[in-house]
Amino acid sequence: MTTLFDQLFDAHSISDLGNGTHLLAIDRIMLHERTGASALNSLAATGRAIVQRNHVFAVMDHIVDTFPGRGDATSMPGGTAFITETRAAAKAAGITLLDVNDPDQGITHVVSPELAIVLPGLTLVAPDSHTCTQGAVGALAWGIGSSEAEHALATGTLRVQRPKTMRITISGRLAPGVTAKDLALHILAAHGAAGGVGHAVEYAGEAVAALAMEARFTLCNMATEFGAFCALIAPDAVTFDWLRGRRYAPADWETAVRAWQPLRSKDSARFDREIAIDGSSVQPMISWGTSPAQSLPIDGAVPVGEAGAAARAYMGLLPGQPLLSLPIDAAFIGSCTNSRLPDLARAAAIVNGRKVASGVRAIIVPGSGRVKREAEALGLDRLFTEAGFEWRESGCSMCFYAGGESFGPQQRVVSSTNRNFESRQGPGTRTHIASPETVAASAIAGRIADARSFCAGAPLADVAGRSDA
Amino acid sequence: MPAAFARARRLLMLRVAVMPEPLRTLTAVAAPLLEDNIDTDIIIPSREMRSTGKTGLAAGLFANRRYRDAAARIPNPDFVLNQPAFADAQILLAGTNVGCGSSREHAAWALAEYGFRAVIAPGFNPIFFGNCVRNGIAPVVLPRETIAALTNPVTVDLEAMLVNGHSFALPDEARLMLLEGLDPIALTLKHADAIARWQSADRLARPWAWLCERATSR
Ligand code: SF4
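Chains L and G supply the protein sequences, listed in that same order. Numbering of the first sequence is given in numbering that gives the first Met the number 0, commencing with residue 0 and proceeding in unit increments. Numbering of the second sequence is given in numbering that gives the first Met the number 0, commencing with residue 0 and proceeding in unit increments.
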């Protein structure tokens, strides 16, 4: 015990309900328009109200379009109703809504930390599987179902079965050109998509301590692909500096930091499982199949063997085929995994002065309005559009197919997102997930490319260099 | 902090919701649909789930079986619920693995809205089982032969745990929820005092964790 997870779990336990199930206090609830209206309306229909409405936030991110000049109209048939109903339900419930054209609108898991809605030591839930992203600040954050969202709204609590604990310790340093995304894919490739099932995962070690806050979000984001209950990184000076001064940061900052400093696993802490990884051995990774665990070092070859036959067939690949130089149709940088400022800046450092290969559709979707503004202040939008990228409004966009926009059947896409499932980005679309650098380099080359062979442009190195190195 | 405690307690107790009616003893007509693997798509086809809410679903219940033309709502006289003897059925008799397929809670919502208060089958899909309990429908497991031999009216007695004299089992919490008409929220609100106590202590212990109302108005 006395792991960071157990500290947070026990501190929020209101009542032990037996059989390892506790009634946990929930500090923050995030909703989005894909499921938000149904949770709020169904609560209202039973005559109930939200118990702490100032701790509940709703965001428009999943269904809203990301085309410039967008409004409530959506390319997803019937999508507008989700937006207008969520807006009406949020107003009726009296919760804070980051509406379509709010300057701070964006992907839930990007805007929540940006506004310091999530803080170290809090519990936060959202009806979205990538809520684990937010554990990177040292919060207990996990994804829930619709009925649970209603329960949390009405009672400020959830019934939770205590998961097992796992620590993944990454020693040493990541090599130049290797990012948190590569680390996440490396862990998935080594331990499988079910490697974390039933466990709360804490990432620790020298390589994790050296990650910038944005890279920590990327790492924790993909814990759900690992099957984990939630992901955690102990908060430290990097966390505190990053959160300071943000909109909902505590007014009495010193008191808060004093409360957060002890939030770490004790030296004597015992985890149910421990995994050790040598950070210096991690290489740039890319997925070849239809599960994030079907990933390889970028210079690897598609596995032979019966096990991968269905994935190979879907992806249009042959056993033993190298991934490098495979022609692509599209490149996508965005999603709650890799859409923050340093992600875009590192991609820009590779694109700088180059052009997207002809015939390749390349799209950049900043994770939030704030990321977009900050990128534009650095001139990244011009750099990308001059190279031939589309520069979008923030949102989930083509991270997932909601019935509207898609890349098309059999189109090969290199994507900075988190899921390469069949038809995730559109019916029949073939997705390879990788770091923003790999996506940018591949967009330029028109083929899957190793970003390390692209010499990063100097002017952006100061922004880009800090984030993952 | 008695004031904060009182406020938290009051907020929690305000939620006296319109929950399922308590179900102690029910004597009603049981309609037989004795096939195995009646999935949630049969119970409510996806095109019948038109809104983001959980109401307005009763008309879509069993739509593909119940109507000759589902779009025009032209009834199929052969379907059991369209037969006069079963028009007022409140109990559904089914084959095993009832509620399999998609986890959509709409299946239970549609059954409840139509008026069903019990489903009796040799086996249930576990998610559907939980969704039934949550929505005031008793999921009763009985052997196939016992179900086939039941004669109307059927009495489901949750206090004695008997159906027309045949005993059945139900987990304690599920039974409590059905007997008292509680959904999981109402069940949790039985801890309202503990929740309110925790919250008023937490406001003192972690003032930084609490956003004041003013902070959210923009
Ligand atoms: S960006 Fe993609 S993974 Fe993230 S919340 Fe949106 S749809 Fe889900």
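Accuracy of the hints is not assured; some may be wrong.
A partial selection of chain L residues facing chain G, derived with a Cβ cut-off under 8 Å [claimed, not checked]: (1) Ala-44; (2) Gln-320; (3) Pro-321; (4) Phe-399.
Every beta carbon over 10 Å from chain G, so not counted as near; a handful from chain L, in silico [claimed, not checked]: (5) Arg-158; (6) Pro-175; (7) Tyr-247; (8) Ala-255; (9) Ala-258; (10) Ala-401.
These aren't lab readings, by the way, just hints derived from the structure by calculation. All C-beta atoms in this analysis are idealised placements derived from N, C-alpha and C, irrespective of residue type, glycine included.
Hint by hint, here is what the structure shows:
Satisfaction of the interface hint for L:Ala-44 is found here, the shortest Cβ-Cβ separation to chain G being roughly 6 Å, below the 8 Å cut-off. Taking 8 Å as the C-beta cut-off, the interface hint given for L:Gln-320 is violated, the closest approach to chain G being about 36 Å. Of the supplied interface hints, the one on L:Pro-321 is violated, with its beta-carbon coming no nearer than about 40 Å to a beta-carbon of chain G, more than 8 Å. A cut of 8 Å between beta carbons decides the hint on L:Phe-399: the least distance to chain G is about 18 Å, and the hint is violated.
A cut-off of 10 Å between C-beta atoms contradicts the statement that L:Arg-158 is not in contact with chain G; the least separation is 7 Å. Every C-beta of chain G lies more than 10 Å from that of L:Pro-175, the closest at about 38 Å, which supports listing it as non-interface. Residue placement check: L:Tyr-247 does not keep its beta carbon more than 10 Å from all beta carbons of chain G (closest about 6 Å). Not every beta carbon of chain G lies more than 10 Å from that of L:Ala-255, the smallest distance being close to 4 Å; the non-interface claim is violated.
The Cβ of L:Ala-258 does not lie farther than 10 Å from every Cβ of chain G; its closest approach is about 6 Å, which violates its non-interface assignment. With 10 Å as the threshold on Cβ separation, the claim that L:Ala-401 sits away from chain G holds: the shortest Cβ distance comes to roughly 14 Å.
Checked against the numbered hints above, the structure breaks hints 2, 3, 4, 5, 7, 8 and 9 and satisfies the rest.
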